[in-house]
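Protein chains: 2
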Amino acid sequence: MQSARLTKPVKALRRYVPILEWGRTYDRGMAGNDLVAAVVVTIMLIPQSLAYALLAGLPAQMGIYASIAPIILYAIFGTSRALAVGPVAVVSLMTAAAVGNIAVQGTPEYIAAAITLAFLSGLFLVALGVFRLGFLANFLSHPVIAGFIIASGIIIAASQLSHILGISASGHNLWELLVSIAKNINTINLPTLVIGGAATAFLFWVRWALKPALLKTGMASRMADIFAKAGPVFAVVITTLATWLFSLPDAGVAVVGDVPQGLPPLTLPSFSLDLWSSLMGSAILISIIGFVESVSVAQTLAARKRQRINPDQELVGLGMANIGGAFSGGYPVTGGFARSVVNFDAGAETPAAGAYTAVGLLLASLFLTPLLFFLPKAALAATIIVAVLSLVDFSVLGRTWRYSKADFAAVSATILATLGLGVEIGVMLGVVLSVVIHLYKTSKPHMAIVGQVPETEHYRNVLRHQVRTNPEILSLRVDESLYFANARYLEDQLYDMVARRPELKHVILMCPAVNAIDMSALESLEAINERLNALGVKFHLSEIKGPVMDRLKKTDFLDHLTGKVFLSQHQAVCDLGGGKNSTAA
Amino acid sequence: MQSARLTKPVKALRRYVPILEWGRTYDRGMAGNDLVAAVVVTIMLIPQSLAYALLAGLPAQMGIYASIAPIILYAIFGTSRALAVGPVAVVSLMTAAAVGNIAVQGTPEYIAAAITLAFLSGLFLVALGVFRLGFLANFLSHPVIAGFIIASGIIIAASQLSHILGISASGHNLWELLVSIAKNINTINLPTLVIGGAATAFLFWVRWALKPALLKTGMASRMADIFAKAGPVFAVVITTLATWLFSLPDAGVAVVGDVPQGLPPLTLPSFSLDLWSSLMGSAILISIIGFVESVSVAQTLAARKRQRINPDQELVGLGMANIGGAFSGGYPVTGGFARSVVNFDAGAETPAAGAYTAVGLLLASLFLTPLLFFLPKAALAATIIVAVLSLVDFSVLGRTWRYSKADFAAVSATILATLGLGVEIGVMLGVVLSVVIHLYKTSKPHMAIVGQVPETEHYRNVLRHQVRTNPEILSLRVDESLYFANARYLEDQLYDMVARRPELKHVILMCPAVNAIDMSALESLEAINERLNALGVKFHLSEIKGPVMDRLKKTDFLDHLTGKVFLSQHQAVCDLGGGKNSTAA
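Here the protein sequences line up with chains A and B, keeping their order.
Heads up: the first sequence begins at 2 in my numbering, then just goes up one per residue.
Heads up: the second sequence begins at 2 in my numbering, then just goes up one per residue.
Isolated chain A (complex conformation) (with noise of 0.2 Å):
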């Protein structure tokens, strides 16, 4: 009875702590393997966090910060076995766009706000988690995501092409941006464009043709993709070296500057009410836009071994990372794709190889800050227009033009939308638009009128097939779910086809493809055969689903029908029609 009754608890407490069951059977070699891909992530961590720091509009040293806590944290709730999790560009952009409208850029109220976004998104997704609720995040369709990224992409290149000429310009949106750039275009700074053009035009040799010549060469390829993507580390080494060499600081390069040198600070979220309600929008926008795409990193690399992940314990996972790291001076993180796929590609087996990161980047964040002095903001700014760039994939334009026009036109608004109206309208607009794309589709579901293929027993539609009616006898197929969107649209056809045949006798609803009928959808067919009753119209339900049926059985619907449920159309048609001949349509 003892262990019985502790079974439960503790099974429930593996489910929010899966470490309690891969912790189990960790063992050496696995250990091995995890510190291995611990070394090849932290390499590349570093300048990938101090340049998503730097577009989310903070201190350098947060992106550093940020990494380490979230890293362990998830490791410990999280349920993907490969995840990397730290600042992200596209979460690192609605931050600055979420906090900018709350602080100037550089004050201590922008750091505070940073922090307590990461506080609240991380209760909101743990609040997610523990009900249940991450279907919610369904609500975002693949399209509208797409676009999104694409524009998300394009407003983060446009925001570091400043850092790269060396002039400061701002904005939420592409417009804005450009239009600030061209108002300060005279103030390019020469050095800083030398710097950061090098610095891009080398991160992009590195990504497209760095990892086929390491190839041919006869390099493995997964090496290679190691080496191709450490290209950043290289870059930012060379040009903080030339920096100091040549004092370009004197001559205008902007630099990170003094980086704190010490373990991450302890730091407090606000509790201010004001502040909450003023971020809690935005902190719900982030959530869902990061867990969305840390779940589909997840999902991707946990199929390749054909794990699992759950997605309700990735929303725990996520925010409990979020939490921490609002306690330890981070600001909103995610899994991110970049640094998940690294970690994987590099042999992480479990999340340990996450603590190993977070150790890593702790000593980076303890002895190498002061090296990070001359590092040039241009090559931080490269790094970033590199890694964002392959985000723009407008192929999905495309795609959806030949697929679904309702698909395209999500993804256009969208774009459209981000680019011209910021990172927060954008998304909204899409979520809106895609539910009312999917209400609108289902609102005029297919219906066909049905008759009899002579000599057999199916029923196909009259417009596309030569079969035999009755005039007596209207038969419907509706291929559709019955719900609140599409209850009227039935009625009114249904009264319009009425109209039309005087001769009537006989309506029979054939529902086949009627998934489910929700309470306005009954109270329509109440009306219809209410309606039909005062014209002296018998109306018949036929090949209805078995768990609908049960359902309706629940009401007095069947009671009041004036005509019968068959169990097929051609039974319905049978009985109705009698010894009369049918005629050919």
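There could be a bad hint or two in this list.
The list treats identical chains as interchangeable, and a pair is accepted whether it falls inside one copy or across any two copies.
Said to hold, decoys possible - EDC-like cross-link-like pairs, simulated, lysine to aspartate or glutamate; straight-line CA separation at most 20 Å:
(1) Lys-506 / Glu-456
(2) Lys-442 / Asp-480
(3) Lys-565 / Asp-576
(4) Lys-506 / Asp-576
(5) Lys-555 / Asp-275
(6) Lys-406 / Asp-557
(7) Lys-539 / Asp-576
(8) Lys-539 / Glu-527
(9) Lys-445 / Asp-493
(10) Lys-546 / Asp-480
(11) Lys-506 / Asp-493
(12) Lys-554 / Glu-527
(13) Lys-546 / Glu-458
(14) Lys-442 / Asp-251
(15) Lys-217 / Asp-551
(16) Lys-445 / Asp-551
(17) Lys-546 / Asp-394
(18) Lys-445 / Asp-497
FYI, nobody ran anything at the bench for these hints, they're computed from the structure.
Please arrange chain B on chain A, whose structure you already have, making use of the hints.
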């Protein structure tokens, strides 16, 4: 050629101006019937129009003005032959809520805002009609509308209670109203209470006891109905006489007072963009609620005579009515249930009955208004209370509870939000909830692993039937269209099933109930195909519907599919199972 060229514009004109259609066959018999109906409706409308104007916080005569031009314009542009347009209870309440946010009752700004609200609502309705966007109204599910009407009825009754008591009270939700009444309860005016109480009691008696009594005397049911509906006219006449005879205004009984005598004034809506932007949201809500109510009345009446209405043209008709109202001293109107039923029962055959009613009201506004001086507001409040309490029908709660807990949740939330937070928030919350609940229900679709019923070609759920399965083949049937809200769920579930079956070689997705596959779902299928391929599992489809297949053929999905597309599940299992023995599950 000439005539052929003319036909198209003439047809288009007839589509937008239905009077050109029915006007051609109008004869003396129809005119006689229409005239009788008009007289009955006019008598009923006078007290009703005054009362609803007061409910909207407007001068009483605006209720009459709002019935004149709109009725005529609807007669020209509307498609229902019996619908009577004018002020109605719920729209009047919504007008008070919308305009009350902007101006103080009794000021010229308040009146101007109400007129502008009618104009904006009219523009919006016409735009919806011209662009055929009437389907948007379908986003309001029946239960949400039912809940909204119940809660509005309660709020309206509570708001009129203060007139019966002779105290002043205000508020836009039930709580505010009750608190306000409680505060002023010590200022009750006894003569007002006597008049209001007596009128209320009389009207309840008329409504629930007079008709049965008349029927007993042998009167025809239709006539008895009309007599019972005329109850408010008697109440108004008698209380007005009593108030005049006993000089009750001196005793503190509030009366309608001076009502200007004459034609409806020519008014202009405001063209202030500030006012427009603060009223636009309310105008949209009022339009949609008004349209939904009106269309359902029109459809009920049209069906009784096998006539048809055109919902998109109804939008134009109602829109023109509201625009007309805005230029003639009116406020937002729609097709009312009570007045339309009276019109229909009294024998109205064409929209001309409405035009005659307008003439009747015009005469009333020219000659009868001085008689309204002594009409006590308490009597009007009594007519409103008795009218709206018939809207308060809680049976929808029981019906939805039994049929669908999701619909029950939507109704309850709409009622509570409307009562507690006011009509605008209530209805918006209801819409959002309907959509979220629908998406939630379809986001976790019913799926079943199926196996072969021995000795047949049928495939059924392995959990419900004794069926044969093959450990190398997983047959999964999905009972829902695939779209963004359930695409990831399908992925999750499928990866789960695959992870648990190491022997698996084939997955067959059986799609007889999949009515559509959107771009998100297509991408999920592509991901599934790719990931299963990485695991050495082939992915097949069976029983895809024609329209879905047509669409898939436009993409390269089928080229990349590792498996095949089978016409029937049985064929798929035969092909893939080969000579292997199946095992009974």
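How the hints compare with the structure:
For the homomeric pair Lys-506 and Glu-456, neither the shortest alpha-carbon distance inside one copy (24 Å) nor that between copies (41 Å) is at most 20 Å. In the homo-oligomer, the alpha carbons of Lys-442 and Asp-480 lie at most 20 Å apart both inside one protomer (12 Å) and across protomers (18 Å), since each shortest distance falls under that limit. Taking identical chains as interchangeable, the C-alpha atoms of Lys-565 and Asp-576 lie at most 20 Å apart only when both belong to the same chain, with a minimum of 10 Å there against 40 Å between chains. With identical chains, the CA atoms of Lys-506 and Asp-576 are at most 20 Å apart within one copy only, with a shortest distance of 13 Å there and 46 Å across copies.
In the homo-oligomer, the alpha carbons of Lys-555 and Asp-275 never lie at most 20 Å apart, since the shortest distance is 49 Å inside one protomer and 52 Å across protomers. Taking identical chains as interchangeable, the C-alpha atoms of Lys-406 and Asp-557 lie at most 20 Å apart only when they sit on different chains, with a minimum of 17 Å there against 42 Å within one chain. Proximity of Lys-539 to Asp-576 under the C-alpha cut-off of 20 Å is restricted to the intra-copy arrangement: shortest distance 13 Å within a copy versus 45 Å between copies. For a Cα distance limit of 20 Å, the shortest separation of Lys-539 from Glu-527 inside one copy, 12 Å, qualifies, whereas the shortest one across copies, 46 Å, does not.
When the C-alpha separation of Lys-445 and Asp-493 is checked against a cutoff of 20 Å, the pair qualifies only within one copy, where the shortest distance is 11 Å, while the shortest distance between copies is 30 Å. In this homomeric assembly, Lys-546 and Asp-480 come within 20 Å of each other (Cα to Cα) both inside a single copy, at 13 Å, and across copies, at 10 Å. In this homomeric assembly, Lys-506 and Asp-493 come within 20 Å of each other (Cα to Cα) only inside a single copy, at 19 Å, whereas the closest approach across copies is 48 Å. Taking identical chains as interchangeable, the C-alpha atoms of Lys-554 and Glu-527 lie at most 20 Å apart only when both belong to the same chain, with a minimum of 14 Å there against 39 Å between chains.
For the homomeric pair Lys-546 and Glu-458, the shortest alpha-carbon distances inside one copy (19 Å) and between copies (19 Å) are both at most 20 Å. When the C-alpha separation of Lys-442 and Asp-251 is checked against a cutoff of 20 Å, the pair qualifies neither within a copy, at 62 Å, nor between copies, at 63 Å. With identical chains, the CA atoms of Lys-217 and Asp-551 are never at most 20 Å apart, being 66 Å at best within one copy and 44 Å at best between copies. For a Cα distance limit of 20 Å, the shortest separation of Lys-445 from Asp-551 across copies, 19 Å, qualifies, whereas the shortest one inside one copy, 26 Å, does not.
In this assembly of identical chains, Lys-546 and Asp-394 lie within 20 Å of each other by CA distance neither inside one copy nor across copies; the values are 43 Å within and 32 Å between. In this assembly of identical chains, the alpha carbons of Lys-445 and Asp-497 lie at most 20 Å apart only when taken from the same copy (15 Å versus 35 Å across copies).
In the structure shown, a violation is registered for the earlier hints numbered 1, 5, 14, 15 and 17, in ascending order.
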